[in-house]
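Line by line, the protein sequences are chains A and B. Its first residue numbered 1, the first sequence is counted upward by one per residue in this note's numbering. Its first residue numbered 1, the second sequence is counted upward by one per residue in this note's numbering.
Derived from the structure by calculation, the hints contain no laboratory data. Here the structure is a predicted model, which means the values were calculated and not measured. Take the hints with a grain of salt, since some may be wrong.
[Claimed, not checked] Pulled a few chain A residues facing chain B out of the computed Cβ check, cut under 10 Å:
1) 5
2) 12
3) 25
4) 85
5) 272
6) 555
7) 914
Cβ coordinates follow ideal geometry from the N, Cα and C atoms, glycine included.
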Amino acid sequence: MPKPLVTGISPKEGYPGTKVIIRGEFLGKDEEDLVAVIICGVDCTIRAKWEKESRITTYTGFCKGKGDIVIVTNSGGRGTSSVGFQGLVKKNIGPYEETCTWVDEDSKALLTGLKRAAVNELSHDNPLNISLDDSSKYGMDFFDKEFPNSSIDMTQENFNASRFLLENYQNAKFEDLRQGLEYMKRNIGSKTINSTDNLLKNNISSFMDAIKIMKDIHWLSSNDKKNEFTRSIELMFKDILKTAHRIYDQDLASKDRADMIRNSLQILDTYKSLIYFPQNVDKWLKLDDYEQIITSYKLAKMQLSKAEPATRKSTLFAQIKKDLDSSVLEVQKHILKKLIQFPSSPDEQKFLIENYISIENIIAIEGNKRNEVAFNPAWYCLTEEKKWFIQLMLECRDMHIADEKVSLAMKQSDDSNNNNSKQEQKNSSDVLKDGKNLSNNILNNTEASKIQVMTQIPHERNKFIEELCQMFFDIFTDYWRLGSMYLGNLFNNLPSTNNDSIKANEYHGLVGEILETFCNIVRAAFIPHTFDKSLANTNLLSEWPIQHDAQIISQILPHCLKVCRLCAQQIFSLDIQPKQFECVKILIYDLRCECLVTLLSQPTREILATLGFEEPDWIVDRDVDSENNSCLITNLPSRFEAKFNRALSLCKEYVLDDKKGEKSLFKDPVFSKKIAMLLYGISHAFMKRINRFMSKEDSLPKFVQMSRSKLLLYLYNNLTVCKRKALPNIWQTIANHKYQQFDQVIKESKKNLKELQDMLLKQYVSEATKPIVDNIESNLYAGRYDFSECSAPLTVRNYVKQIIMSLLNIHSELFLLNKSLIQAVLTQAVKEIYTKLFSLFVNIPNFCVSAAIQAYIDIFCLKETFKLYTSDESKEILHKILKLIPSNSFEQNKSLMTKLIGDFEKGMQPYLAVFHTQPPTSSVNISLQSNENK
Amino acid sequence: MTSSQNGKKQAPIYKVIMVGSGGVGKSALTLQYMYDEFVEDYEPTKADSYRKKVLLDGEEVQIDILDTAGQEDYAAIRDNYFRSGEGFLLVFSITEQESFDVLDEFREQILRVKNAEDVPLILIGNKSDLQNSRQVRQEVATDKANKWLKPYIETSAKTRDNVDKAFFDLMREIRNRKLSENNKPTGNRRDKKKKKKCTIL
Ligand SMILES: Nc1nc2c(ncn2[C@@H]2O[C@H](COP(=O)(O)OP(=O)(O)OP(=O)(O)O)[C@@H](O)[C@H]2O)c(=O)[nH]1
Ligand SMILES: [Mg+2]
Numbered sequence: 001m002p003k004p005l006v007t008g009i010s011p012k013e014g015y016p017g018t019k020v021i022i023r024g025e026f027l028g029k030d031e032e033d034l035v036a037v038i039i040c041g042v043d044c045t046i047r048a049k050w051e052k053e054s055r056i057t058t059y060t061g062f063c064k065g066k067g068d069i070v071i072v073t074n075s076g077g078r079g080t081s082s083v084g085f086q087g088l089v090k091k092n093i094g095p096y097e098e099t100c101t102w103v104d105e106d107s108k109a110l111l112t113g114l115k116r117a118a119v120n121e122l123s124h125d126n127p128l129n130i131s132l133d134d135s136s137k138y139g140m141d142f143f144d145k146e147f148p149n150s151s152i153d154m155t156q157e158n159f160n161a162s163r164f165l166l167e168n169y170q171n172a173k174f175e176d177l178r179q180g181l182e183y184m185k186r187n188i189g190s191k192t193i194n195s196t197d198n199l200l201k202n203n204i205s206s207f208m209d210a211i212k213i214m215k216d217i218h219w220l221s222s223n224d225k226k227n228e229f230t231r232s233i234e235l236m237f238k239d240i241l242k243t244a245h246r247i248y249d250q251d252l253a254s255k256d257r258a259d260m261i262r263n264s265l266q267i268l269d270t271y272k273s274l275i276y277f278p279q280n281v282d283k284w285l286k287l288d289d290y291e292q293i294i295t296s297y298k299l300a301k302m303q304l305s306k307a308e309p310a311t312r313k314s315t316l317f318a319q320i321k322k323d324l325d326s327s328v329l330e331v332q333k334h335i336l337k338k339l340i341q342f343p344s345s346p347d348e349q350k351f352l353i354e355n356y357i358s359i360e361n362i363i364a365i366e367g368n369k370r371n372e373v374a375f376n377p378a379w380y381c382l383t384e385e386k387k388w389f390i391q392l393m394l395e396c397r398d399m400h401i402a403d404e405k406v407s408l409a410m411k412q413s414d415d416s417n418n419n420n421s422k423q424e425q426k427n428s429s430d431v432l433k434d435g436k437n438l439s440n441n442i443l444n445n446t447e448a449s450k451i452q453v454m455t456q457i458p459h460e461r462n463k464f465i466e467e468l469c470q471m472f473f474d475i476f477t478d479y480w481r482l483g484s485m486y487l488g489n490l491f492n493n494l495p496s497t498n499n500d501s502i503k504a505n506e507y508h509g510l511v512g513e514i515l516e517t518f519c520n521i522v523r524a525a526f527i528p529h530t531f532d533k534s535l536a537n538t539n540l541l542s543e544w545p546i547q548h549d550a551q552i553i554s555q556i557l558p559h560c561l562k563v564c565r566l567c568a569q570q571i572f573s574l575d576i577q578p579k580q581f582e583c584v585k586i587l588i589y590d591l592r593c594e595c596l597v598t599l600l601s602q603p604t605r606e607i608l609a610t611l612g613f614e615e616p617d618w619i620v621d622r623d624v625d626s627e628n629n630s631c632l633i634t635n636l637p638s639r640f641e642a643k644f645n646r647a648l649s650l651c652k653e654y655v656l657d658d659k660k661g662e663k664s665l666f667k668d669p670v671f672s673k674k675i676a677m678l679l680y681g682i683s684h685a686f687m688k689r690i691n692r693f694m695s696k697e698d699s700l701p702k703f704v705q706m707s708r709s710k711l712l713l714y715l716y717n718n719l720t721v722c723k724r725k726a727l728p729n730i731w732q733t734i735a736n737h738k739y740q741q742f743d744q745v746i747k748e749s750k751k752n753l754k755e756l757q758d759m760l761l762k763q764y765v766s767e768a769t770k771p772i773v774d775n776i777e778s779n780l781y782a783g784r785y786d787f788s789e790c791s792a793p794l795t796v797r798n799y800v801k802q803i804i805m806s807l808l809n810i811h812s813e814l815f816l817l818n819k820s821l822i823q824a825v826l827t828q829a830v831k832e833i834y835t836k837l838f839s840l841f842v843n844i845p846n847f848c849v850s851a852a853i854q855a856y857i858d859i860f861c862l863k864e865t866f867k868l869y870t871s872d873e874s875k876e877i878l879h880k881i882l883k884l885i886p887s888n889s890f891e892q893n894k895s896l897m898t899k900l901i902g903d904f905e906k907g908m909q910p911y912l913a914v915f916h917t918q919p920p921t922s923s924v925n926i927s928l929q930s931n932e933n934k
Numbered sequence: 001m002t003s004s005q006n007g008k009k010q011a012p013i014y015k016v017i018m019v020g021s022g023g024v025g026k027s028a029l030t031l032q033y034m035y036d037e038f039v040e041d042y043e044p045t046k047a048d049s050y051r052k053k054v055l056l057d058g059e060e061v062q063i064d065i066l067d068t069a070g071q072e073d074y075a076a077i078r079d080n081y082f083r084s085g086e087g088f089l090l091v092f093s094i095t096e097q098e099s100f101d102v103l104d105e106f107r108e109q110i111l112r113v114k115n116a117e118d119v120p121l122i123l124i125g126n127k128s129d130l131q132n133s134r135q136v137r138q139e140v141a142t143d144k145a146n147k148w149l150k151p152y153i154e155t156s157a158k159t160r161d162n163v164d165k166a167f168f169d170l171m172r173e174i175r176n177r178k179l180s181e182n183n184k185p186t187g188n189r190r191d192k193k194k195k196k197k198c199t200i201l
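Please model the complete structure; the sequences and the hints are all you need to start from.
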């Protein structure tokens, strides 16, 4: 084998005791082939480990300056090196220096030990203790040539002092050399004290061999039964053995200690970066630099895992490891703490979770196996966020409950002040008959009342629902995103588990709980009666101060519904599972139903409470129908229609249309029926209102000044218009809005209206004709008129004129308000007048001639005047009346009678013309009789 | 030391220095090149020295490799090492973005220590066998190399891919530099000195 050649050294410099890797070629065939390793002239063979032909490791000895690395093998001899080692020295000798040499006890080592046993203190690399020369003027070649077969090793026989001095102390002054010699002498002197020990120590393996040989000799000689022969030698060696053991034990102890210390120091040195790890972690934590922590930790772990078994055993190593692990656990704790600081964005959460998992993964590398039911930070975050979320919603609610209480208290104290001003307002708005002025004033007034209503609206609840929904949506979206990441295993580094369905179920449980809480809070706030308190959590039970005020509820509910629906739509678009969404769906449905009911109850209440009591209701208008019949009406029907329509359009706007994913409203026939009843209720309320004015149950507000009969006519007209316009319009709207089961409502309403109109007309007729009829008797006997004895007639009597004038009044009233009623009403009136006359005439016992003539022309004139309003029935009565009057003297007085009738017609001409103008034909007839019969 | 044994004709020495962050594979490249072996374990280097004879384009030369420490702990002693270098293999790992990002700093340190505007240098992207965990795209590295007007080579200390090429290319760069310095720049240097003297006068 060729000469060894060293071509690599790692590291290339170091303090004594540095572990070095020597690489090169032909560094020995095997362990035994390796004879010596010399680094910078220091023999490092003892701790050398032959690994392969190209690689040897050893520890450097005490050397200073740069030097060769020389390998000696049996097969190749003394080698060379192309790289060198630089020995570094610290002033105070460091802990890395070997304190003793350890000899392997197996026989092989002992043998090699024997070979090397010659080393003694003289081989000290600087025996003169004067500075060694780093730079030699002469190369090795020079010495080999000049001093062939010589050595600078003092222990060798061929030691050449000249060469030794030249090689080592070339530049030393003579004085220095002399001092060196002194030093050497001194040194040897001091060393002799312990020289036996040292000799033993340094040559221990030789002595061990010797003992073994002696033992053999002893055994041989004992066989020869010549024990005495070796006795004294044996005793001596026993002594030596004892001493050797003592030294051995001593060395063993100090070696252990030294090893331990060295080991610890080496560990400290190797892992010094790890010692600062906890502090650095604190620093990085403050900067949220988890990546830094993780890489450092990973590196540290890797470094630790490379540790040699000997190192692992040391307590220091364990301590470092423990500190490392515990500070990493702190980091994890810190991450978890941050993780449950809400609100936070899903990205942030993802970031933290992934970092947590990364750390967990590094920890797990060592533990080898990961716990299947391991702690999952994402799940932890989800559960914690759920708790926080629910708490937040409850807090939001509580805050607004408190606010509402305060504003309620403030409103109540305001109300007492407000009442006074209201009173003043009413007083100031004096009744004005002039239509224009009236309407102007009314405008101002409504403006004022509107403002008043506005201030009464409980903004608090609206604010609450807006805030709640906004918050809910924001957080829930984020929550959902985190949840999706959790379900989809979208976190880096997280080993996927196969119990995905369980995970999904658990997660949907959380989502369900959140949605449930949300629904319950909304329910308790807006539709408390649908909220089953016995089922719910106790913390859902706080009550809102305003609960049963229908007026207020109707103002807040639509808004609540709108906001909630918007929110639900947004949640729905998150692709949420139908099962979890069900409770929201039901909530929305309930809210819609409730809202519809509230909105449709509102006009009924309003109509009953206020319609007809506000001035705009009584603004007079003219209505013309398709046949050009016109009549006078007030604003009542249009105001009714407006209220009805407003409710319907609110319903339409807020409730009616089904949005995506919502339960259809009118699927439930019971509910549809209920709504139909409410619709009926509204029109019914209107009729009821009219009825109450008619029946005098409610008296007219002071600002309305109209005669009773006019009122009745106005009401009648209003109903007509209502029947013709308002109701059909409304029904059209209702049909357009797809309400169900309202045919019956229409039918009923129509019937009611018809009945009410009949009643009104009847009332009107009876109230208009009653005073006339009642007056006939007294007028007939006015001036103590005596039918049995009276003077000749001069003109038609006054009672006839009275009747005519009275009917003329009715006529003119009807002509103004509703011409189409003239025929029916007058016909009826006339009939009642005739009936009365007949009853009076029947009771007249006897007519004198003048009275007969008088009575005849009176009745004749009436008949002539009202001929257009005489029904068959009336004709019959007339006939009967005329029969009661004795007609035997009429022939003689014909001329007088004709004259008197002519006079009457002439005198009454303008009035008669009124009655003789054909009234507008109309279908109106008064079914008094038939009604009464019923 | 070596010189004393090879008295006849000294083979020229090319001093190569391995530079780069910890763990990028400087030692791995060196050992692969020197001894055809790949070391799986990661043991941070302090400063290792290698030297062997090789044939460079038919000429016998010696390559002297100084494998330096990437770990920041040893950053302070780098200056000294860089000074003795004639050519540099600036190594990063294609699987670690950060090792690429700090290259500029290394280069600046080299130029500062060498007090030169340009030194023989090759940008090495190591661990090319780990394509799957690549973080530094080839174009990005080439861009940087182009900016510096230096070659870029992707190597794998594990598969020995391009390892020889990296070292030989660098030696050629050093050789070219030496040649040009021996010819023209000597004059240049003198010029400079003269100029300086002039200014002093
Ligand atoms: N797969 C693969 N691994 C490599 C490659 N090069 C180096 N490694 C590995 O990367 C790790 C670090 O390599 P080293 O060569 O010790 O790194 P270094 O650059 O010398 O690091 P310092 O000495 O601290 O500066 C070792 O575990 C090597 O096995 C390569 O090309 N491919
Ligand atoms: Mg290294």
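Going down the list of hints, with the structure as the test:
At about 9 Å, the closest approach between the beta carbon of residue 5/A and any beta carbon in chain B falls short of 10 Å, and the interface hint on this residue holds. At a threshold of 10 Å, the smallest CB-CB gap from residue 12/A to chain B is about 4 Å, leaving the interface hint in force. Because the beta carbon of residue 25/A sits about 9 Å from the nearest beta carbon in chain B, less than 10 Å, this interface hint is met. Annotation: residue 85/A was flagged as interfacial toward chain B, and the flag holds, the nearest CB pair being 8 Å apart, inside 10 Å.
Below 10 Å, beta-carbon pairs count as interface contacts, and residue 272/A has one with chain B at about 8 Å; its hint therefore holds. Hint status for residue 555/A: violated, given a least beta-carbon distance of 62 Å to chain B, over 10 Å. Interface hint at residue 914/A: violated, since its Cβ lies 109 Å from the closest Cβ of chain B, which is beyond the 10 Å cut-off.
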